[in-house]
Amino acid sequence: MANPLKCDLCSKPATVHLTQIVNNKVHKIDLCEACAQAKGVTDPSGFSLADLLLKASLNPEAATTGVRCEQCGFTQTDFKKHGRFGCPACYETFKGILEPMLDNMHKGTVHTGKVPQRALERKSLYDRLTKLEVDLSDAIKSERYEDAARCRDEINQVKQSVATKPSR
Amino acid sequence: MDIATLIDSPSELTDSAGSKTAIVLMTRVRLARNLDRRSFPGWANEQDKAAILETCRAAVASAPAMRRGLNVALADLSDLERQILVERHLISRELSGAKSGAGLVVSRDQAVAVMINEEDHLRIQVLRSGLQLKRAWNTINDLDSNLEERLDFAYSPTLGYLTACPTNLGTAMRASAMMHLPALVIAGQMEKVVRAVNQLGMVVRGLFGEGSDASGSIFQISNQTTLGEAEEEIIKRLGSVLQSIIDHEVNAREKLIESDAGKLFDKIGRAYGILQNSHMLSSSEAMNLLSLVRLGADLGVFPAEQRSIIDRLLIEAQPGHLQHAQRGECDPSQRDLLRAARLRTEFANFGRPEFSPSRNGNN
Ligand SMILES: [Zn+2]
Ligand SMILES: [Zn+2]
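So the protein lines, in turn, are chains A and B.
Going from the first sequence to the numbering used here is simple: count from 1 and add 1084.
Going from the second sequence to the numbering used here is simple: count from 1 and add 703.
Since the hints were derived computationally from the structure, they do not count as laboratory data.
Small disclaimer: the values here were computed from a predicted structure and weren't measured.
Hints should not be assumed to be uniformly reliable.
To be verified - Here are some chain A residues the structure puts well away from chain B; computed CB gaps all over 12 angstroms:
| hint | residue |
| --- | --- |
| 1 | Cys1091 |
| 2 | Asp1092 |
| 3 | Pro1172 |
| 4 | Lys1179 |
| 5 | Glu1183 |
| 6 | Asp1187 |
| 7 | Lys1191 |
| 8 | Ser1226 |
| 9 | Asp1231 |
| 10 | Gln1244 |
As the list claims (entries may be wrong) - Covered by chain A, according to a simulated footprint, are these stretches of chain B (three or more residues, beta-carbon under 8 angstroms):
| hint | stretch |
| --- | --- |
| 11 | 743 to 756 |
| 12 | 850 to 862 |
Even for Gly, the Cβ is constructed at its ideal location relative to N, Cα and C.
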């Protein structure tokens, strides 16, 4: 063969070739013996390609170097290596590389299922609190004491409603 | 509840009252959840993981569904205890290998298990014997809503529940059924079924997940995608796929009986004979023999109520359970002796087969 297929994970010559159909899209993956073994591809029928497709779709050349998750320090190279993210904030940090992959991986790209109502309520209260605290110190700094008093009142209000909800 | 009590208690899967369904052995629904602003277990440092473990264990153990259940750190369990938990489907192999920072909370009836610091901070799962997708979903939905009162889950309005792996995004739900499909295997139709099921966005796996072979003709069917579809829709779609597989298996059984009853009954009769008389049985051979006898119970060769004995043995003939019963670890060949002895005892009292055509048929 003039141009043998290369393993999608390590670029050695591929000997195992798998096909799976998700949402009417055909996904193909080629693996070398060693990677197939390591991934437990003993029986193609009993094996999910999603995980492998995920790694294979991470094109190393497309890597925009230097992007690092502010929350956890995860980099794009780490994602390429693990196929997993470092923390929830990584989803925002690596939005650009994730979005094109989602379409291949899932039925849709937008969540239509359960919403954690209570947790979201708490989150918006905490966000509001953080913003008010910034406003308060700004107001004090620029000697706008009426604004400061208003912020303080509002902070107390929010704190009270946080206290009535069970916290983390 | 401690681990010894749990191991000696009947579980949802071995409880004879629950095991009424031919073809579907058990239903499972799993949700992945993570705490907001905390690194995922695979990236978190030891200190973070310990803190997350503590937070999650306390929150989960105080949920009404989990009261007076088992609440342990994996580090405090022996290898044998971990293996038994894997064999009962209460923890994954991945979690059983975790050294530190991992935990488990199990309900008293062993129908609900929450793994902590597996791939995600929380992996909540509900097991039900037979085909009970909706009931499993309702149970897990309630528990999840309860946990949400005390834990801030990582969630995005557009991407749904945020998980360590993007393949679990959205609902972060895997719903699955463990199916016993011996006739489709005997008739050589499994490949076709796998392909059709894949096309419907579902995945077929061997008994213990990716990579394992389908010993005993037992397969796990689950949803492949988690984003873009609501939980109830996924459950409904999986339910209809399962029903169609059940129909195919029933048809395959009918055809086998029509075309080659002699060959089929020979397989079942021989399996029964070996289970009654052998002195060395490997785990996979035992699985395959039990699978054939189970098919016999479905076909009326054995009284149908004996299926629950087989379902219990499918779990108890595995290495961890055998060694526990023997009160100690032993090597594989000793286990094969033990397994055969155990099965001989059970099958000495098993109802005799009756191959009369009048009792044939699917239940
Ligand atoms: Zn390779
Ligand atoms: Zn991050």
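The hints, checked one at a time:
1. Cys1091: Given that every Cβ of chain B is farther than 12 angstroms from that of A:Cys1091, nearest at about 17 angstroms, it holds.
2. Asp1092: holds (16 angstroms)
3. Pro1172: The claim is violated: A:Pro1172 sits with its nearest Cβ about 3 angstroms from chain B, within 12 angstroms.
4. Lys1179: Violated: least Cβ distance 9 angstroms, not greater than 12 angstroms.
5. Glu1183: violated (10 angstroms)
6. Asp1187: violated (9 angstroms)
7. Lys1191: violated (4 angstroms)
8. Ser1226: holds (31 angstroms)
9. Asp1231: Per Cβ check, A:Asp1231 is outside 12 angstroms of chain B; nearest 29 angstroms; holds.
10. Gln1244: holds (18 angstroms)
11. 743 to 756: holds (count 3)
12. 850 to 862: Check passed, 12 qualifying residues.
In this structure, the hints that do not hold are numbers 3, 4, 5, 6 and 7, in rising order.
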